[in-house]
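Engineer: Heads up: the sequence lines are chains V and F, in that order. With the working numbering, letter number 190 in the first sequence gets 190, and the count goes up by one each step, no holes. With the working numbering, letter number 128 in the second sequence gets 403, and the count goes up by one each step, no holes.
Some hints could be false.
[To be verified] Estimated spans, in silico, between C-beta atoms of each pair:
hint, chain 1, residue 1, chain 2, residue 2, range
1, V, L187, F, T466, 42 to 50 Å
2, F, Q428, V, A59, 52 to 60 Å
3, F, A301, V, R101, 20 to 28 Å
4, F, E418, V, L187, 45 to 53 Å
5, F, A410, V, L153, 29 to 37 Å
6, F, G421, V, L187, 57 to 65 Å
[To be verified] For lysine-lysine, the following DSS-like pairs were computed, each having C-alpha atoms within a straight-line distance of at most 25 Å:
hint, chain 1, residue 1, chain 2, residue 2
7, F, K358, V, K273
8, F, K283, V, K273
9, F, K528, V, K270
10, F, K468, F, K528
11, V, K270, F, K283
12, F, K283, F, K358
[What the hints assert, rightly or not] Far from chain V, by Cβ distances over 12 Å, these chain F residues were calculated:
hint, residue
13, R293
14, G297
15, A317
16, F321
17, V377
18, F379
19, S479
20, T531
21, P550
22, T555
23, V557
24, E568
25, E581
26, T584
27, H595
None of these hints come from the bench; they were simulated from the model. Yeah, the Cβ is synthetic: ideal placement off N, Cα and C, and Gly gets one too.
Here are the chains, one letter per residue:
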Amino acid sequence: MRSTPPWTSRIFSTLAAMVAAYRIGLASALTAWPVLLGRAIFYGVCLMVLVAFWDKVGAQRLAGTLAVRLPPGGLGVYIGVTEWVTLSVPAIQLRLEDDIRSGALEPHLLRPKPYLAQTIAGEAGGMTARLAMLAVAGLALLAISGRPWPAGLGLVYVGVLGVIGALIGVLLYTLVGLTAFWLRRVLPALLIMQKLMFLLGGLFAPISFYPGWLHDLAAASPFAAHLAFAGQEVLTPSISDFSRALAAQAAWLVALVLAAALIWRAGLAKLMKGG
Amino acid sequence: MNPAITVKELRKAYRFPRRRRGALGALAGLFHPDIVELEAVAGVSFEIAAGERVAIIGPNGAGKSTTLKMLSGVLEPTSGDAKVLGFTPWRQRRGLAYEIGVVFGQRSQLWTELPVRDSFSLLRRVYDQDGPTFARRRDDLVERFGVGALMDQPVARLSLGQRMRCEIVAALLHGPRLLFLDEPTIGLDVTAKAAIRDFIREQSLAEGLTVALTSHDTRDIELVCERVIVINSGRIVLDQPTDQLRRRFIARKLVTLQSQSARLELDLPGVTRRPSEPHTTVLEIDTRQTRIEAVIGAALALGGIEDVTVEDPPMEEVIHEIYAALDQ
Chain V
1 MRSTPPWTSR
11 IFSTLAAMVA
21 AYRIGLASAL
31 TAWPVLLGRA
41 IFYGVCLMVL
51 VAFWDKVGAQ
61 RLAGTLAVRL
71 PPGGLGVYIG
81 VTEWVTLSVP
91 AIQLRLEDDI
101 RSGALEPHLL
111 RPKPYLAQTI
121 AGEAGGMTAR
131 LAMLAVAGLA
141 LLAISGRPWP
151 AGLGLVYVGV
161 LGVIGALIGV
171 LLYTLVGLTA
181 FWLRRVLPAL
191 LIMQKLMFLL
201 GGLFAPISFY
211 PGWLHDLAAA
221 SPFAAHLAFA
231 GQEVLTPSIS
241 DFSRALAAQA
251 AWLVALVLAA
261 ALIWRAGLAK
271 LMKGG
Chain F
276 MNPAITVKEL
286 RKAYRFPRRR
296 RGALGALAGL
306 FHPDIVELEA
316 VAGVSFEIAA
326 GERVAIIGPN
336 GAGKSTTLKM
346 LSGVLEPTSG
356 DAKVLGFTPW
366 RQRRGLAYEI
376 GVVFGQRSQL
386 WTELPVRDSF
396 SLLRRVYDQD
406 GPTFARRRDD
416 LVERFGVGAL
426 MDQPVARLSL
436 GQRMRCEIVA
446 ALLHGPRLLF
456 LDEPTIGLDV
466 TAKAAIRDFI
476 REQSLAEGLT
486 VALTSHDTRD
496 IELVCERVIV
506 INSGRIVLDQ
516 PTDQLRRRFI
526 ARKLVTLQSQ
536 SARLELDLPG
546 VTRRPSEPHT
556 TVLEIDTRQT
566 RIEAVIGAAL
576 ALGGIEDVTV
586 EDPPMEEVIH
596 EIYAALDQ
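With the hints as extra help, turn the sequences into a complete structure.
Structural biologist: In structure tokens:
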């Protein structure tokens, strides 16, 4: 019998396995470049529709006071950022649901590395390829549209907050996927999560437009950390807002990792008792 | 005997609420659930020696997969104890994982979208293998299992037989001491089945690998395993060497003959006719009394034979015979 390695060695070997899974996820996504290209085209179509909508709101003052608060150039770039993150996040909940429901999870449990960490790392690899591809598409569209570019370091802030926001999205969808241990089908949880992302995440409109109480609620939620913080930086970039957003994202990352770990343990205990 | 697996009074019972009739019944069930207990494994005890190849068989729902799941660590027993290579599987699952290989015939352990090579490379990290040792072992297994030409193909594009060979290589890459095989030849053609059986047997003999196998295919049991444990209704009903089992229960074969004539008349000792359509003759042969080639030779001598197939009787029938013999 092999002796159990010390915990530091186990952490490093787990990280090494996660890096390997990440690299393979990235390579797989890059190999399937036509899929990436298709996603970039879909991103462009989404932006055209949504930007046309917000331009009309701005031009015709359809929304009264809301239109007055629109930034110069409208919300095209904001929508570009939130859609960039949204369309890059993998549907990890479907994979978790499939593995848990079909029993495909069992062979993975017979390996010495944690299944959930490996799965998240692999999906994050694919997400990196999508983030890069859609970033190129988004910047190209911005250049073609002739709209103003974010001031100062805005793009850098957006890049950092967007990537971390996407990671938060992976963890949120992971929580949805883990409900399969109890619900079997994750669709109800997914619908709730998506509505919350839409509303509290500020997917189509900045949360700064919301009434005070709703803004405070949204800003304190993980959904704003997922989408709104990155989008806000293209409207009003500032180092202080960026720092606060970064701190909030870090806190949510830790909280969501802990939540995922706890739910995973509970789900696994249920599976190992009930089969 | 140096046991690789020791099982003592292992028991698994599932508890679930019975659904009551009607809306009122369902509502009442919310407050006073009617809990039913189903015993999948009812206190089994056995030992498997290091290097031994053992088949755990039984009809569907007999408890054999539940037993394997408990022994591999993915299912917690209700009571009893088990040691697998010195580990208590359900408490030390990760530690045990380094020592065992698992092949589930109906579930792929490989990453279907990845080329085989990438799946193997990922497994190297998963099992903390150092580069040179891993490369040597991989190359050796790839050559022995003849999967070199498949290495750069995505797993999803492999045939079932090719995939199963890769699955077994993947299960052996980290040098396990014990291999759990759950229906490793299910869905494979005759050639692929034979290859898989040979690989498993050779690997076990070459490396002293302990094998615990479940299968509904009697040939898997005959050709791979030296001992058979029969489970039914969660209990061990028979535990004996395969040779003895073969002599007692697997000595029968089914020969199906397609002929131009509507009916073939064969009168040989130990050969009985089973009901069949015209132009099809199904013969059940007791090979202890008459050899297969003698039956086929006699049939060919009659003339007009268009097709011949030789099959084992279904496992369910073998099991049925075992129960019948045990009842007597």
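Engineer: Run every hint past the structure and note whether it holds.
Structural biologist: Do the hints match the structure? See the list:
Between L187(V) and T466(F) the CB atoms are about 43 Å apart, so this pair conforms to the stated range of 42 to 50 Å. For the hinted restraint 52 to 60 Å between Q428(F) and A59(V), the CB-CB distance of approximately 55 Å keeps it satisfied. Range check, A301(F) to R101(V): about 24 Å between beta-carbon atoms, so the 20 to 28 Å window is met. The supplied range of 45 to 53 Å is met by E418(F) and L187(V), whose beta-carbon atoms lie about 47 Å from each other.
Taking 29 to 37 Å as the suggested C-beta distance range, the pair A410(F) and L153(V) does not conform, at roughly 46 Å. Taken as a hint, the range 57 to 65 Å is violated for the pair G421(F) and L187(V), whose Cβ atoms sit roughly 44 Å apart. With a CA separation close to 18 Å, the supplied pair K358(F) and K273(V) stays within the 25 Å bound. Pair hint K283(F) plus K273(V) holds up; C-alpha atoms about 19 Å apart against a cutoff of 25 Å.
Restraint check for K528(F) and K270(V): not satisfied, since their Cα atoms lie roughly 44 Å apart, outside the 25 Å limit. Only pairs whose Cα atoms come within 25 Å are accepted, and K468(F) paired with K528(F) is accepted, the gap being roughly 18 Å. Between K270(V) and K283(F) the alpha-carbon distance is near 24 Å, which keeps this suggested pair within the 25 Å criterion. Proposed proximity of K283(F) and K358(F) is supported: the alpha carbons are some 9 Å apart, at most 25 Å.
Distance to chain V confirms R293(F) as a non-interface residue, since its nearest Cβ pair spans about 16 Å, more than 12 Å. Every Cβ of chain V is farther than 12 Å from the Cβ of G297(F); the closest lies at roughly 24 Å, confirming the non-interface assignment. With a closest Cβ-Cβ approach of about 16 Å to chain V, A317(F) is found to remain outside the 12 Å limit, as its non-interface label requires. Against the 12 Å criterion, F321(F) stays outside the reach of chain V, whose nearest CB is about 21 Å from its own CB.
Its closest Cβ contact with chain V, about 5 Å, brings V377(F) to no more than 12 Å, contrary to its assignment away from the interface. Non-interface status of F379(F) relative to chain V is broken: a Cβ of that chain comes within 12 Å, the nearest being about 6 Å off. Under the 12 Å C-beta cut-off, the non-interface status given to S479(F) relative to chain V holds; the minimum distance is some 19 Å. No Cβ of chain V comes within 12 Å of the Cβ of T531(F); the nearest lies about 35 Å off, and the non-interface call holds.
P550(F), annotated as away from the interface, keeps every beta carbon of chain V farther than 12 Å; the closest lies near 38 Å. Look at T555(F): its CB is around 39 Å from the nearest CB on chain V, clear of 12 Å, so calling it non-interface holds up. For V557(F), the shortest C-beta to C-beta distance to chain V comes to about 36 Å, beyond the 12 Å cut-off, and the non-interface label holds. The Cβ of E568(F) sits about 42 Å from the closest Cβ of chain V, beyond the 12 Å cut-off, so the non-interface label holds.
The claim that E581(F) is not at the interface with chain V holds, since no C-beta of that chain comes within 12 Å of its own (minimum 43 Å). Listed as a non-interface residue, T584(F) keeps its Cβ farther than 12 Å from every Cβ of chain V; the least gap is roughly 33 Å. For H595(F), the requirement that its beta carbon stay farther than 12 Å from each beta carbon of chain V is met, with the minimum near 27 Å.
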